[in-house]
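**Q** Work out the full structure: start from the sequences and follow the hints.
Protein sequences appear in the order of chains A and B.
465 is the number of the first residue of the first sequence in our numbering; add one for each residue after it.
219 is the number of the first residue of the second sequence in our numbering; add one for each residue after it.
Derived by calculation from the structure, the hints in this document are not laboratory data.
The reader is advised that the hints may include incorrect statements.
Here's a subset of chain A near chain B, in silico, CB distances under 8 Å, partners left out [said to hold, decoys possible]: (1) Tyr497; (2) Leu548; (3) Phe569.
Distance ranges between label pairs, derived from CB positions [claimed, not checked]: (4) Ala465(A) with Gly258(B): 31 to 39 Å; (5) Gln478(A) with Val272(B): 41 to 49 Å; (6) Glu262(B) with Glu474(A): 20 to 28 Å; (7) Val273(B) with Asp495(A): 14 to 22 Å; (8) Leu548(A) with Glu262(B): 45 to 53 Å; (9) Glu493(A) with Tyr228(B): 32 to 40 Å.
Straight-line distance between alpha carbons at most 20 Å, and here's what the computed SDA-like set of lysine to any residue pairs gives [said to hold, decoys possible]: (10) Lys566(A) with Ser276(B); (11) Lys566(A) with Val331(B); (12) Lys566(A) with Gln277(B); (13) Lys566(A) with Glu270(B); (14) Lys566(A) with Pro505(A); (15) Lys542(A) with Asn564(A); (16) Lys566(A) with Thr249(B); (17) Lys566(A) with Val272(B); (18) Lys566(A) with Ile320(B); (19) Lys566(A) with Lys280(B); (20) Lys537(A) with Val272(B); (21) Lys542(A) with Lys289(B); (22) Lys280(B) with Ile320(B); (23) Lys566(A) with Ala248(B); (24) Lys296(B) with Arg318(B); (25) Lys566(A) with Leu264(B); (26) Lys534(A) with Asp274(B); (27) Lys534(A) with Ala238(B); (28) Lys566(A) with Asp269(B); (29) Lys289(B) with Glu262(B); (30) Lys566(A) with Lys229(B); (31) Lys566(A) with Leu278(B); (32) Lys519(A) with Ser492(A); (33) Lys519(A) with Gln268(B); (34) Lys229(B) with Lys534(A); (35) Lys229(B) with Gln508(A); (36) Lys519(A) with Glu270(B); (37) Lys534(A) with Arg318(B); (38) Lys566(A) with Asp274(B).
Ideal Cβ placement from N, Cα and C applies to all residues, glycine included.
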Amino acid sequence: AQTVTQSQPEMSVQEAETVTLSCTYDTSESDYYLFWYKQPPSRQMILVIRQEAYKQQNATENRFSVNFQKAAKSFSLKISDSQLGDAAMYFCAYRSEVGNEKLTFGTGTRLTIIP
Amino acid sequence: EAEVAQSPRYKITEKSQAVAFWCDPISGHATLYWYRQILGQGPELLVQFQDESVVDDSQLPKDRFSAERLKGVDSTLKIQPAELGDSAMYLCASSPRGARGIQYFGAGTRLSVL
Numbered sequence: 465a466q467t468v469t470q471s472q473p474e475m476s477v478q479e480a481e482t483v484t485l486s487c488t489y490d491t492s493e494s495d496y497y498l499f500w501y502k503q504p505p506s507r508q509m510i511l512v513i514r515q516e517a518y519k520q521q522n523a524t525e526n527r528f529s530v531n532f533q534k535a536a537k538s539f540s541l542k543i544s545d546s547q548l549g550d551a552a553m554y555f556c557a558y559r560s561e562v563g564n565e566k567l568t569f570g571t572g573t574r575l576t577i578i579p
Numbered sequence: 219e220a221e222v223a224q225s226p227r228y229k230i231t232e233k234s235q236a237v238a239f240w241c242d243p244i245s246g247h248a249t250l251y252w253y254r255q256i257l258g259q260g261p262e263l264l265v266q267f268q269d270e271s272v273v274d275d276s277q278l279p280k281d282r283f284s285a286e287r288l289k290g291v292d293s294t295l296k297i298q299p300a301e302l303g304d305s306a307m308y309l310c311a312s313s314p315r316g317a318r319g320i321q322y323f324g325a326g327t328r329l330s331v332l
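**A** Below, the structure is given as structure tokens:
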């Protein structure tokens with residue numbers, strides 16, 4: 465079974481600065497998808513960014529980018545120019561290429577933005 | 219913008235009582251998921267439907283939990299009887315066919331069992 469580990473329960477960053485959230489995973493598969501989901505306080509979880517394992521190029525979505533290291537099974541999220549609205553729980557998630565659409569989530573990192 | 223609807227938002231119940239949660243996915247989404255999120259942890263899949271069929275309920279405590287999606291649209295998750303350890307956020311999500319992991323979540327139902 466796949467596992468996802470987020471070793472930083474909490475992180476904080478000064479507004480307008482850059483922060484990196486860490487995620488590692490364990491799998492024996494070669495094809496899979498990795499995700500970062502954001503859960504703001506009292507609001508629904510939303511997708512931040514997705515990475516296909518077969519793509520060497522790191523995914524980017526505006527101020528959000530990932531550093532995908534397949535051999536190391538590492539998938540970190542970098543948030544540039546942090547904004548107050550970025551404050552949330554961030555969950556790393558894994559989906560196998562085969563089988564159903566099941567996501568396996570990490571335990572999350574709570575990000576605080578300091579004004 | 220279409221959203222996944224869940225009700226109620228909050229539910230307080232006593233141990234041994236029955237509770238039910240409702241979810242209405244985004245129109246046209248074939249796949250519906252129920253997750254349980256214990257405070258301080260990531261969501262854990264309880265049950266997954268493809269249309270009206272269950273495709274994964276391996277983590278659903280079937281002695282007390284049940285879920286249905288009779289017409290392949292909205293869904294109900296029931297707990298009977300509720301136990302103290304069931305206190306958690308229950309999240310519903312949906313996705314269209316071929317979504318490859320992209321799921322759209324509702325705001326959740328926070329259950330407190332006293």
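**Q** State for each hint whether it applies.
**A** Hints, one by one, checked against the model:
The interface hint given for Tyr497(A) is met, as the beta carbon of that residue sits about 5 Å from the closest beta carbon of chain B, less than 8 Å. Because the closest C-beta pair between Leu548(A) and chain B is about 21 Å apart, greater than 8 Å, the hint is violated. With its C-beta approaching chain B no nearer than about 3 Å, Phe569(A) sits inside the 8 Å limit, and its interface hint holds. Restraint check, Ala465(A) to Gly258(B): a C-beta distance of roughly 21 Å breaks the suggested window 31 to 39 Å.
Take Gln478(A) and Val272(B): their Cβ atoms lie about 47 Å apart, and the range 41 to 49 Å holds. Look at Glu262(B) against Glu474(A): about 21 Å separates their beta carbons, and that is inside 20 to 28 Å. The beta-carbon spacing between Val273(B) and Asp495(A), approximately 20 Å, falls within the hinted interval of 14 to 22 Å. With their beta carbons about 30 Å apart, Leu548(A) and Glu262(B) fall outside the hinted range of 45 to 53 Å.
Between Glu493(A) and Tyr228(B), the C-beta spacing of about 39 Å keeps the proposed range 32 to 40 Å intact. Restraint check for Lys566(A) and Ser276(B): satisfied, since their Cα atoms lie roughly 11 Å apart, inside the 20 Å limit. In summary, the hint linking Lys566(A) to Val331(B) is not supported, as the alpha carbons are separated by about 28 Å, beyond the 20 Å threshold. For a cut-off of 20 Å, the pair hint linking Lys566(A) to Gln277(B) stands: about 12 Å separates their Cα positions.
For the given pair, Lys566(A) sits about 17 Å from Glu270(B) by alpha-carbon distance, which is consistent with the 20 Å threshold. Straight-line distance between C-alpha atoms of Lys566(A) and Pro505(A) comes to about 24 Å, which puts the hinted pair past the 20 Å bound. Proximity of Lys542(A) to Asn564(A) is assessed by CA-CA distance (about 29 Å); at most 20 Å being required, the pair is judged violated. Using a Cα cut-off of 20 Å, the hinted pair Lys566(A) and Thr249(B) holds, with the two alpha carbons roughly 10 Å apart.
As the CA atoms of Lys566(A) and Val272(B) are separated by approximately 13 Å, the hinted pair is consistent with the 20 Å bound. Our distance criterion of 20 Å between C-alpha atoms is met by Lys566(A) and Ile320(B), whose separation comes to about 10 Å. The straight-line distance between the Cα atoms of Lys566(A) and Lys280(B) is roughly 19 Å, inside the 20 Å bound, and the hint therefore holds. For the given pair, Lys537(A) sits about 31 Å from Val272(B) by alpha-carbon distance, which is inconsistent with the 20 Å threshold.
Taking the CA atoms of Lys542(A) and Lys289(B), the gap is near 42 Å; set against the 20 Å cutoff, the hint is violated. The suggested pairing of Lys280(B) with Ile320(B) is violated, with an alpha-carbon distance near 27 Å, which exceeds 20 Å. Distance check on the hinted pair: Lys566(A) and Ala248(B) sit about 14 Å apart at the alpha-carbon level, within 20 Å; holds. For a cut-off of 20 Å, the pair hint linking Lys296(B) to Arg318(B) is broken: about 28 Å separates their Cα positions.
This hinted pair checks out: Lys566(A) and Leu264(B) have alpha carbons roughly 10 Å apart, not beyond 20 Å. For the given pair, Lys534(A) sits about 28 Å from Asp274(B) by alpha-carbon distance, which is inconsistent with the 20 Å threshold. A distance of roughly 42 Å separates the Cα atoms of Lys534(A) and Ala238(B); the hinted pair therefore is violated under the 20 Å criterion. Restraint check: the Cα-Cα separation between Lys566(A) and Asp269(B) comes to about 15 Å, which is no more than 20 Å; the hinted pair holds.
At roughly 25 Å between alpha-carbon atoms, Lys289(B) and Glu262(B) are farther apart than 20 Å, so this suggested pair is violated. Proximity of Lys566(A) to Lys229(B) is assessed by CA-CA distance (about 27 Å); at most 20 Å being required, the pair is judged violated. A threshold of 20 Å between alpha carbons decides the hint, and for Lys566(A) with Leu278(B) the separation of about 14 Å falls inside it, so the pair holds. Proximity of Lys519(A) to Ser492(A) is assessed by CA-CA distance (about 17 Å); at most 20 Å being required, the pair is judged to hold.
Distance hint between Lys519(A) and Gln268(B) is unfulfilled; the C-alpha atoms sit about 28 Å from each other, more than 20 Å. A C-alpha spacing of about 42 Å is found between Lys229(B) and Lys534(A), which places the hinted pair above 20 Å, so the restraint is violated. With a C-alpha separation of about 17 Å, the suggested pairing of Lys229(B) with Gln508(A) holds against the 20 Å cut-off. The straight-line distance between the Cα atoms of Lys519(A) and Glu270(B) is roughly 34 Å, outside the 20 Å bound, and the hint therefore fails.
Taking the CA atoms of Lys534(A) and Arg318(B), the gap is about 19 Å. The hint holds against a cut of 20 Å. With a C-alpha separation of about 8 Å, the suggested pairing of Lys566(A) with Asp274(B) holds against the 20 Å cut-off.
In this structure, the earlier hints numbered 2, 4, 8, 11, 14, 15, 20, 21, 22, 24, 26, 27, 29, 30, 33, 34 and 36 are contradicted, and the remaining ones agree with it.
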